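Build out the structure end to end from the sequences listed, making use of the hints.
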Amino acid sequence: MKALSIKQLKKTYNNGFEALKGINLEVESGDFFALLGPNGAGKSTLIGIISSLVTKSSGSVEVFGYDLDKNNERAKSCIGLVPQEINFNQFETVRNVVLNQAGYYGIPRKQAVQRTETCLKQMDLWDKRDSVSRRLSGGMKRRLMIARAMVHSPRLLILDEPTAGVDIEIRRAMWQMMKEVNAQGTTIILTTHYLEEAESLCRSIAIINNGQIIEKSAMNSLLGRIHTEHFVLDITQPLTHAPLIEGYQIELAGNRTLNVAVPKSQGLNPLFQQLTAQGVAVSSLKNKSNRLEQLFIDLVQ
Amino acid sequence: MNYSVAFKTLLVKEIRRFTRIWPQTLLPPAITTALYFLIFGKLIGDRIGTVHGETYMDYIVPGIILMSVISHSYSNVVSSFYSTKFQHHIEELLVAPVPNGVILAGYVCGGIARGILVGCVVAGISMLFTDIPVHHWDVAIAVFVLTSTLFALAGFINAVFADSFDDISIIPNFVLTPLSYLGGVFYSVTMLPGIWQTIALGNPILYMINAFRYGLLGVSDVNIELAFAITAGFIVLLTAASLLLLHKGIGIKN
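Chains as they are written, first to last, in this note's numbering: chain A, 1 to 301; chain B, 302 to 555.
The hints are simulated quantities; they were obtained by calculation from the structure and are not laboratory data. Hints may contain errors.
Claimed, not checked - Just some of the chain B residues that point at chain A, by a computed CB distance under 10 Å:
1. Asn-303
2. Val-306
3. Ser-384
4. Ile-391
5. Asp-432
6. Gly-550
Since the structure is predicted, the reported quantities are computational estimates derived from the model, not experimental observations. Glycine included, every Cβ here is placed at the ideal spot set by N, Cα and C.
And the structure:
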């Protein structure tokens, strides 16, 4: 079963800007799907059309088999959206923001009250239930939008940069929550500029650029295409020039730091053997950039 | 899909909004109309005499009540729906499976609720100054509700097109208020000279005020059936226009 099926989706704005140029995309039910792309690539327009906030110019969108044009209300019932910008009534209490949304989805009051409590507790906002929503911190506002999107138990949850601007502790808590929601069977589409987030959470990925899908595959298969990985090595003794080791590209990035390009075919063991032979002791090692980040840059450039 | 839950949610939210800010929404009309009754009805009215056999105080009561209904039904919807757009929480409704008719009904009924509540407050204030035996309850209530409906719809359309807070004050200040004052609140249209009488008959608010006056006092400058036809005609027209705007997403969607 496809959670999302998009065919030849096009969008041209009134000013003539062609934001989407015939997108074809399918997301399997239960998947954790990353939708990546640089700013202005068309991600928000695509999400806007899926969630009925933007009118498409042509093409079709089906959500769990329900066509957005022919079966609009059923399709909408399947979707929960966490938008990029804060878009709840800032004068309402936290509880009412979620309760009202449950009401819009037709959930009877008694059930809505229970669901609201569950979602707010899950997002660690239950203590703030009677606070006016504008008084919440940035991270709490984001969690409130997730609680609101979850209140009708959507089958497809769309998270548009949900962790933008939140501190690392909250971000990690949100990652855990997303994993749990996905493990319970909810399909998740995630857009993010934190590529390590996409790499660690998502099983499938699509990259959009200039209104077109330029890459779509399983995350593992995409990462498998990386031929060279870049590492930063901290060394114990200062050096005046970079060691020469055949098969590796090494640069001195400070007298105690080396940048090393490691071909996947070579691996790290020969490098360490050669460094040890030349009397260079390594104290620590880290990835210079996230693996997906490097691929992403290569693809969109 | 249970649309009645969505409608009820929207309506309760709207009613909670204007009752929560009652010093802005319910108190000012009570004070303003008390001053109207005191100054125009009592102090000046006693020197004017009667109009169509009614004391001047009694004559202006229906118009002042209906003027409040018009203004508050309109302003409730225009300010609430525009704020919803401005703060982007219109998106909460657009992503949910709420049909356009339910969105429109929720906002319009919220406007009607405020119009009726303010109308009742003003009617209550009027009872401090005079005691009007209602002649036709059915006509009075029907005009009260229909007028409120019509101007709530008009407020909705204004909010759909509005791009700034200036845009939601232009129509109430420069169209609705003048038309209400010139709609026979304080005078009978028969008191106007020749051509002005004909021009005044082009003002739809004149028909509603006179129909309401007929309901309360039993006197009117216009034909009551015509007044109902005009009001109902506008309601049908504005409902169709509102639904079309929502369907096309004008002013709401990209």
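Here is what the structure says about each hint:
Look at Asn-303 of chain B: its Cβ gets to within about 4 Å of chain A, closer than 10 Å, so that hint holds up. Taking 10 Å as the C-beta contact cut-off toward chain A, the hint placing Val-306 of chain B at the interface holds, the least distance being around 5 Å. Interface restraint check for Ser-384 of chain B: the shortest CB-CB distance to chain A comes to about 8 Å, inside 10 Å, so the restraint holds. At a threshold of 10 Å, the smallest CB-CB gap from Ile-391 of chain B to chain A is about 8 Å, leaving the interface hint in force.
Using the Cβ-Cβ criterion of 10 Å, the hint placing Asp-432 of chain B at the interface with chain A is not satisfied: the shortest such distance is roughly 41 Å. Taking 10 Å as the C-beta cut-off, the interface hint given for Gly-550 of chain B holds, the closest approach to chain A being about 5 Å.
The structure is inconsistent with hint 5 alone, although it conforms to all the rest.
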